[in-house]
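S.K.: These are the residues of each chain, in order.
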Amino acid sequence: MSDKPSESREENAPPPGDRKVEAADAKAFAPSPSDAKAAATDIERSTPPETGLASPSPEVRGMVSAVPGTGDQWGRELWTDPDINKHPALRALREAFPDALGDVIRFRDETTIHVQRESLRDICAYLRDHEKISLNMLTDITAVDMLRLRTEPRFDVAVMLYSLRNRTRLRLKAGCNDGEPVPSLVPLWNGANWMEREAYDMFGIIFEGHPNLRRILLADDWDEGHPLRKDYPIRGWKEYPVYNTERTVPRVRTRWTGRGV
Amino acid sequence: MATIHDNDTTTTAGEQPYGTPGAVINENVSPTGTLTVTEDHLLETGDREMVLNMGPQHPSTHGVLRVMLKMDGEVITDCDPIIGYLHRGTEKIGEAKRYAQFVPWTDRTDYVAAPLNNLGYVLAVEKLCDVEAPERAQYWRVIMAELSRIASHLVWLGTHALDIGALSMSLYCFRERETILDIFESMCGARLTTNMMEIGGFSREIPDGLAAQVRNFLRIFPGRQQEYSDILTANPIWMARTKGVGIISPEAAVSYSLTGACLRGSGINYDVRKAQPYQVYDRLDFEVPLGQYGDTFDRYLVRMEEMRQSCRIVEQCLDACETMDTPLMAYESAYVIPPHKGVLTTAEDMQRHFIWVIKGFNPPVGEVYSAIEQSKGELGYYLVSDGGPMPYRLRIRTPDFVNLAVLPHMVHGAMLADAVACIGTIDIVLGSVDR
Numbered sequence: 001m002s003d004k005p006s007e008s009r010e011e012n013a014p015p016p017g018d019r020k021v022e023a024a025d026a027k028a029f030a031p032s033p034s035d036a037k038a039a040a041t042d043i044e045r046s047t048p049p050e051t052g053l054a055s056p057s058p059e060v061r062g063m064v065s066a067v068p069g070t071g072d073q074w075g076r077e078l079w080t081d082p083d084i085n086k087h088p089a090l091r092a093l094r095e096a097f098p099d100a101l102g103d104v105i106r107f108r109d110e111t112t113i114h115v116q117r118e119s120l121r122d123i124c125a126y127l128r129d130h131e132k133i134s135l136n137m138l139t140d141i142t143a144v145d146m147l148r149l150r151t152e153p154r155f156d157v158a159v160m161l162y163s164l165r166n167r168t169r170l171r172l173k174a175g176c177n178d179g180e181p182v183p184s185l186v187p188l189w190n191g192a193n194w195m196e197r198e199a200y201d202m203f204g205i206i207f208e209g210h211p212n213l214r215r216i217l218l219a220d221d222w223d224e225g226h227p228l229r230k231d232y233p234i235r236g237w238k239e240y241p242v243y244n245t246e247r248t249v250p251r252v253r254t255r256w257t258g259r260g261v
Numbered sequence: 262m263a264t265i266h267d268n269d270t271t272t273t274a275g276e277q278p279y280g281t282p283g284a285v286i287n288e289n290v291s292p293t294g295t296l297t298v299t300e301d302h303l304l305e306t307g308d309r310e311m312v313l314n315m316g317p318q319h320p321s322t323h324g325v326l327r328v329m330l331k332m333d334g335e336v337i338t339d340c341d342p343i344i345g346y347l348h349r350g351t352e353k354i355g356e357a358k359r360y361a362q363f364v365p366w367t368d369r370t371d372y373v374a375a376p377l378n379n380l381g382y383v384l385a386v387e388k389l390c391d392v393e394a395p396e397r398a399q400y401w402r403v404i405m406a407e408l409s410r411i412a413s414h415l416v417w418l419g420t421h422a423l424d425i426g427a428l429s430m431s432l433y434c435f436r437e438r439e440t441i442l443d444i445f446e447s448m449c450g451a452r453l454t455t456n457m458m459e460i461g462g463f464s465r466e467i468p469d470g471l472a473a474q475v476r477n478f479l480r481i482f483p484g485r486q487q488e489y490s491d492i493l494t495a496n497p498i499w500m501a502r503t504k505g506v507g508i509i510s511p512e513a514a515v516s517y518s519l520t521g522a523c524l525r526g527s528g529i530n531y532d533v534r535k536a537q538p539y540q541v542y543d544r545l546d547f548e549v550p551l552g553q554y555g556d557t558f559d560r561y562l563v564r565m566e567e568m569r570q571s572c573r574i575v576e577q578c579l580d581a582c583e584t585m586d587t588p589l590m591a592y593e594s595a596y597v598i599p600p601h602k603g604v605l606t607t608a609e610d611m612q613r614h615f616i617w618v619i620k621g622f623n624p625p626v627g628e629v630y631s632a633i634e635q636s637k638g639e640l641g642y643y644l645v646s647d648g649g650p651m652p653y654r655l656r657i658r659t660p661d662f663v664n665l666a667v668l669p670h671m672v673h674g675a676m677l678a679d680a681v682a683c684i685g686t687i688d689i690v691l692g693s694v695d696r
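Going down the list, the sequences are from chains A and B. For the record, in the first sequence the residue sitting at position 211 is 211 according to the numbering used here, with numbers rising by one throughout. Each number in the numbering used here corresponds to the 1-based position in the second sequence with 261 added.
Derived from the structure by calculation, the hints contain no laboratory data. Do not rely on the hints blindly, as some may be mistaken.
[What the hints assert, rightly or not] DSS-like mimics (lysine-lysine), calculated; alpha carbons at most 30 Å apart, straight line: (1) B:K602 x A:K230; (2) B:K358 x B:K331; (3) A:K238 x B:K504; (4) B:K353 x B:K504; (5) B:K620 x B:K358; (6) A:K238 x B:K331; (7) A:K132 x A:K86; (8) B:K602 x B:K331; (9) B:K358 x A:K230; (10) B:K353 x A:K230; (11) B:K620 x B:K353.
[What the hints assert, rightly or not] Among the chain B residues that face chain A by a calculated CB cut under 8 Å, a handful are: (12) E352; (13) Y372; (14) V515; (15) C582; (16) E628; (17) Y630; (18) R656; (19) A666.
Glycine residues also receive a C-beta, built at the ideal position from the N, C-alpha and C atoms.
Hey, can you work out the whole structure from these sequences and the hints?
M.R.: Set out below in structure tokens:
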């Protein structure tokens, strides 16, 4: 395979100072004899088609990693610096969206930034397209029902981002009440489609601008609400018959907590 | 003539309403069925769209995946994967279990790579509680994780090749997987749902002879894998069915949040073991294979090479930990189950053990996201703790669920037979997709 260097392989320069990833890039495959034979009898393969997808970053093919330890103010080590004000994404967001930011929480070297739900999509787009921060990969979208932890707002929509360039993570959280729409991230990442459908299915969170917001894991005609909400009992609202008996499953409160989860 | 409902009213006492001999149930339905192609005008106007329902019991959908395909002749114009047939509410169950109780449930998510799921969960809890397993346990965890990665890839290879038409591959691959399951059985007594790892390490000693058993596997397996590679890689049928099929461009791979071989097959270098090393991976020497074209054949090559690299990792770990005689469990932490030793002889030990098992432990308030490189991609556990003995929220970010979302993109404009190859190459396990 090495006799056909691709554009992506060449520009995918290993980060200096990281000895492990260098080895990964230097050699793509250890070509076995049969692989070489396959390359000899290569049948026609077209290059990846140009898709009309939202491009995750202007430079996905030519990713270069940040140089840690060179005094770079965007460097990787600053993302876990004890002084949270040095966090590169936080500094950039404070300049660009001074009104949209809420609490910033650091726990176990992970940073969580609470943002206003109205500007969630703008913030994600800003972080994705920022040249140095480049949080260009959406890891996960999920929600947390904060019913027992606070009064307002009820849900937290958690968006986990990953930077292929810096190899760092960031979590954004946007609070929303029941029925309040959260801007969908599908225009930014296609992968958000199913994640938001699952968050809708499990929590009933409305994602505004989602092309196809319907249930995904539960049945389309599921009429018992959204099961991961905290007020949803773990066995459901209905009584179901026990297989092969005349009994039904009683709806009891959970033993240990009494809180009915 | 009488229909079913008419029969009801005219039934006299002692006469069976239905199924009487000679009764015509509905004469409007032809006895040969109703699916007959009579709309010739549709063919003439060129509107030949047909909706094809594939699954959920179709053998090539690897479980209970159902795919609705909109076909124009044999070309797929639209695709809608329908999942959820195996949804068990694992995340909801996790909110009602204490932290240590949930480890067996992780086996049931991705049941062909159970130790990897155990590892992902215990790492998340250890990150939440700031516990670190002893070095020897970390090495053994990596050994078991890499062995289960090989086992998972073998299941993928066998079923993927079986879908495409190489029947014998599944027999060979399951033969090798059997030896790995034997290793798991020696390790923990279970073959499939291992429940192997615990928070803080391993609470049981590594059995004698396990290292020799693993070494025996490492001696046999590379040659066998080369045989599989010889069977498939240069096979003209295999190449015709996989090369250029299901192409994912690098931009699309990142946009669809793909991880694992689906991402690396498109040439993007992201492996959690390298990018954010956990356990002892930063001390090990291994390489991450990358694809070039992003098609099914590249993903096949990537996974085959990953198996070779896994063998290297296991060998290095065995060399490092075989002679170690250090403990396997971080017993000094309050978040770790007290030792079994002494439970049956000492009252204090028994009480401490009992209280820990019954009450669990209360981790700090906070939230963590911990990711590992599972055999199919990035497996992430997102734990929110309110300080109680059970997680306030337990989110499993399974790689297959996210990877499967790319299927409509892959099969758009492809042939029906290529859809089977595309489903196979994503490498899904429906227990993990539906959770």
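S.K.: Give a verdict on every hint.
M.R.: Here is what the structure says about each hint:
| no. | hint | result |
| --- | --- | --- |
| 1 | B:K602 x A:K230 | violated, 39 Å |
| 2 | B:K358 x B:K331 | violated, 43 Å |
| 3 | A:K238 x B:K504 | violated, 51 Å |
| 4 | B:K353 x B:K504 | violated, 41 Å |
| 5 | B:K620 x B:K358 | holds, 11 Å |
| 6 | A:K238 x B:K331 | violated, 36 Å |
| 7 | A:K132 x A:K86 | holds, 14 Å |
| 8 | B:K602 x B:K331 | violated, 62 Å |
| 9 | B:K358 x A:K230 | holds, 14 Å |
| 10 | B:K353 x A:K230 | holds, 9 Å |
| 11 | B:K620 x B:K353 | holds, 20 Å |
| 12 | E352 | holds, 6 Å |
| 13 | Y372 | violated, 18 Å |
| 14 | V515 | holds, 4 Å |
| 15 | C582 | violated, 20 Å |
| 16 | E628 | holds, 7 Å |
| 17 | Y630 | holds, 6 Å |
| 18 | R656 | holds, 5 Å |
| 19 | A666 | holds, 4 Å |
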